[in-house]
Amino acid sequence: MAKFDQYTGVLFDLHGVIADSSQYHLQAWHQLADELGITWTQSLAERVLGMSRQDSLTTILQAGHQLNRYTAAEQVKLGDRKNQMYLELISQMSPADVLPGIIDFLDELKAQHYGIVLASASVNAPLEIKKMQLTDYFPLIVDPATLTRNKPDPEIYVRAASLLNLSPTNCLGIEDSKTGLTAVNGAGALSVGVGATAEIATADVKFADTAELTLAGIQKQIEQQH
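Read in order, the letters of the sequence shown are residues 1 to 226 in the working numbering.
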């Protein structure tokens, strides 16, 4: 049975949890789809959220029946092209992009000596953290290039916990997507979902938005369940 005081580490997804930079990702993928003559849809947008660059590209090319049109090397180039567009978009990022309540929550975690790790599938995560002036909170960031599998596989959260020398069972994992929550739950961490009800249905603890995130709020929900 989970007890609140067993948790000493907090593992953060980036997009949709700390910043709404997913809008920039979707904008860049949308631009690439337009260039390739592939119709961009809401359904496509929902599917690529939280996926790695390669998985997102595969999904978009499949949607446009173009997967066989490009060699592996050409697909890497397309991924790089999307990343260039994305970097141009996020070059404008600033502390104003941090979602409501997140700074207060990070301050609370630091004050209570919780371990904090960023577990994002994005290779640009360190740059985004820097642009938002959050580097002091995130000295520990999982490098997605060192992983063999992407979310929904739990590997990224297992790795994040190991950076704190903790078992995932002593960590909270904060996510806003089904894909991410599957990864947190698979790792054995306590999942904290933030966002739309349908998207976070599998979370152990649920909040409608980031402004509600507090240790007291998490503790209350854990204790209510037992």
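Honestly, the hints are just simulated from the structure, not real lab data. Computed from a predicted structure; not experimentally measured. Quick reminder that beta carbons are idealized off the backbone N, C-alpha and C, glycines included. One or more hints might be untrue.
[What the hints assert, rightly or not] With a straight-line cut-off of 27 Å between C-alpha atoms, the simulated DSSO-like cross-links for lysine-lysine are:
1. Lys130 x Lys110
2. Lys130 x Lys3
3. Lys110 x Lys77
4. Lys220 x Lys206
5. Lys220 x Lys110
6. Lys3 x Lys110
7. Lys206 x Lys178
[Said to hold, decoys possible] Cβ-Cβ distance ranges computed for the label pairs, FRET-style:
8. Thr58 x Thr197: 27 to 35 Å
9. Gln6 x Thr135: 22 to 30 Å
10. Ala211 x Gly64: 21 to 29 Å
Results for each hint:
1. Lys130 x Lys110: 18 Å, holds
2. Lys130 x Lys3: 34 Å, violated
3. Lys110 x Lys77: 41 Å, violated
4. Lys220 x Lys206: The hint holds at about 11 Å.
5. Lys220 x Lys110: 20 Å, holds
6. Lys3 x Lys110: Holds: Lys3 and Lys110 sit about 20 Å apart, inside 27 Å.
7. Lys206 x Lys178: Holds, because 13 Å separates the two Cα atoms, which is no more than 27 Å.
8. Thr58 x Thr197: 27 to 35 Å: 29 Å, holds
9. Gln6 x Thr135: 22 to 30 Å: 29 Å, holds
10. Ala211 x Gly64: 21 to 29 Å: 38 Å, violated
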